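Assemble the complex: chain G is given as a structure, and chain C must be docked to it using the hints.
Now for the letters of each chain:
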Amino acid sequence: MIEVQINGKKHQLDVEPDMPILWVLRDVLGLTGTKYGCGQALCGACTVHLDGRVVRACVTPVSRAAGKSVTTIEGLTAKGDHPLQKAWVDLKVPQCGFCQSGQIMTAAALLKKKPRPTDAEIDQSMAGNLCRCGTYTRIRAAIKRASEEGR
Amino acid sequence: MIAHVTRRGLLSGLGLGLGALTLGLDLSAAPQRSTATVHAAFDPSVFIHVATDNTIQLVCHRSEMGQGIRSTWVYLFADEMDADVETITLVQADGDAAYGDQNTDGSSSIRRRYTELRRFAATARRALLEAAASQWRVKPESLTVKDSMVSHAASKRSATFGELAVAAAKAKLPPPARVTLKEKKDLRYIGKEIPMADAPLFATGKAAYAADVRLDGMLVAVIARPPVLGATLMAVDDSAAKKIPGVKQIVRMPPASEPYAFKPWGGVAVLADNTWAAMRGRAALELTWASSPHGSYDSAAYKQSMAAAVQKPGEERRNKGDAEAALKAASTMVERDYYVPHLLHTPMEPPAATARMVNGGLEVWACTQNPQTATTSAAEAAGVKPEDVVVHVTFLGGAFGRKSKGDFVAEAAFLAKTTGKPVRVQWTREDDIQHDYFNAVSMQRFTAGLDAGGKVTAWRHRTAFPPIASTFSAGADTPSERDLQQGVLDLALAVPNVRAEAVSASAHVRIGWLRSVYNIFHGFGVGSFIDELATAKKQDPRDTWLELIGPARQMSLSDLGIKGLSNYGASLKDHPVDAGRLKGVIERVTAEAKWSQRGPRALGLAAHRSFLAYVATVVSVKKVGSKVAVDEVWVTIDAGTVVNPDRARAQMEGSVIFGMNLALHGGVEFAKGMPTASNFHDLKLLRIGDAPRKIHVTLVDSDRPPSGVGEPGVPPVAPALANAFFALEGKRLRDLPFGRAFGMS
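Those sequence lines, one after another, are chains G and C. Mapping to our numbering: the first sequence position 69 is 331, numbers consecutive. Mapping to our numbering: the second sequence position 427 is 1080, numbers consecutive.
Derived by calculation from the structure, the hints in this document are not laboratory data. There's no promise every hint is true.
Covered stretches of chain G (in silico footprint by chain C; criterion: 3 or more residues with CB under 8 Å from a CB of chain C, positions within the stretch not fixed) [what the hints assert, rightly or not]:
1) 300-313
2) 316-327
3) 393-403
All values derive from a computational prediction rather than experimental measurement. Every residue, glycine too, gets a C-beta built ideally from N, C-alpha and C.
So that you can see chain G by itself, here it is in the shape it has in the complex (with noise of 0.2 Å):
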């Protein structure tokens, strides 16, 4: 048994401990939010915060998040109204909506370092995410949304 809090709530989990964080999410609780691109690491759709800080879910184990709190999209606000998720929704920034999660997951973790990012850390931190419909532009628009709305 593994004991994880996920998204606040405490799971007792019964699975292989080399189990990556991604499935454990998506085939053992349900929680469908996260989303698999790649399995390796590379595009970012797999997106959760493990203790605060950004992991891609389907190269992590679920054995490193042992006794540690995992936070996902579902856990990131109950209603859905993060500053990121209504700058989101305001600049429509989505188009398939695939990757956003995980975009959104990692904007998050950011802001909550660098309130207010520049250009280029905003450009360095969502370097791992990938977007295949080329949202990009629209993603740095609503992260300087989100991050003046934070002042």
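What follows is chain C alone, placed relative to chain G:
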């Protein structure tokens, strides 16, 4: 055609009828049953269902893959119906021929249906209005409609659509003569800023994609497919795979046979109770494959053979004047070759589909662009009748043409039938890259003759590429008119002698269509070559473009030098080849980019007509350290009437990134019949840091019929980039990808 609906009783034992899946799912509940059973009082078309409680269920039979069609749908109908948007529930249609063609492809959702959809909505509005008129014994002209309410001002009477639904259903639908569409000035939403209905779902992770479907007792299948097209399985050792905890079953897939079409590839499926176990199980398989005739396919050798082939004449497909004679008489000849490799779709969501047998029929959930062909592919693979298959459409996490092909749906259907259990087939990223339907590899040779004054007197375009037809008819190696209309036959040129030739090329992989398809390489070739002619003429490239296109005019078939033009299925009367519109977008985009006052900025220009739209793009590049960075991009699109301007702009922004991706990072090369890339470490995709600082989009204000929007933004990007690079560095880039020259890969 508007008819009262007879709903097909598909899988009626389950109570599944029309439109079984709303896409914003509460994922805690398995979506195996209809969440949107229709109990409408008034069904004036297969798309509109008005209930007595004054709600409207609106059916969207197009797949949502990032183009925002679901939002466009709601506001288009609401506008013409004068319906209250808040009362509308959008239902995602299952695959059903009752809706007409459902293939969400060819940038066609609006362009092919705009007037028809508005007529459906206007007919519904008129029927409800006439129901009120007859109840109140007043003239229909004395009534007004707003927010789902019909009112008679003189007598201060009003009734909601819901209150009128039963009466409207009893009456005959008004004939077309009594139905008029709104005038432009009366439109409330069309052409205005339309909210994005699904954005909150995307921002909270609640949108349900194919891999998010959960059924009781479901197994997850990961399939080891033949590494080379046509390789058959000789031997399987699955002893190690069976030992992986969670692996439940191992199934041999039926071997694939030509033509490959949308059939499964064959191989071995590992079924497990979770995705990770299935992936590990597959990795543990020991497989021996027989060789395939395609096992020697090698991109470097193939490129050489194509380069040799385009040196010789091909089949004449376009001819005006006498290009050969004019080339001989020319005082200067310019000849250039352009190469574009196989390109990939790589949607962020790899293909996935879930299937289960129910009452002898098959129920499927899939991220499909075409639930009707997915139905036939699934039926064939499972050996059931198409009428016993229902395909629910989930959100599509990107598609770009990949998900029009039902091969992954057929795999799920086969496995559900074989195992008797619900099965989700999950493609890994490696599967997606290695078993794509690749865009055709191509080589083109352009030859132009210039007279002593520098005027272009002859234009010859040779194009070689293995056509998509090869996927459906083994051995097909010659492009059709429908292939060549994409940037070869419909190119507006004011050149007296024009010739285009097709050179045959055989396919060794599954060739498929990718966002803008053959326009990608034809647009790259034409757009690059015109810039090279500008250099030869010592002329500003914009002036060369305008000179070659010539005066504003609608081109006849004889002007073009062709016998016919399929014109993306549209009539030439509604959508002529319009040199004026091509010229117009060039003038507009160069004005927006301040082309004439560019100073030290390195700018590149290209323009292209595709899917009946005209797009011109200017790219600005600059040196940043060791890299060449794309600083700003300007796009002007003339797409005729635009229903949802924000999503049209979003499509242009996305097209810029898509075009940069294929230009800078390309697709894949093949060695020994196999792609040389497998995941995003060796297949590069553009990341945010390389995205332009700014993308400026201009939509040309127009009352013309709508054209496509999803694809036409792509073709001008690669040539504009190459031309900008030339402006900066004085070096030509004629082979895609050219990211290395930009210091990007």
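Chain C over the segment 300-313 of chain G, status - at least 3 residues with CB closer than 8 Å: holds (count 6)
Chain C covers the segment 393-403 of chain G, three or more CB atoms within 8 Å, holds or violated: holds (count 10)
Apply the coverage criterion to the segment 316-327 of chain G and chain C: a residue qualifies when its Cβ sits closer than 8 Å to a Cβ of the chain, and three qualifying residues are needed. violated (count 0)
Hint violations for this structure: number 2 only, all remaining hints satisfied.
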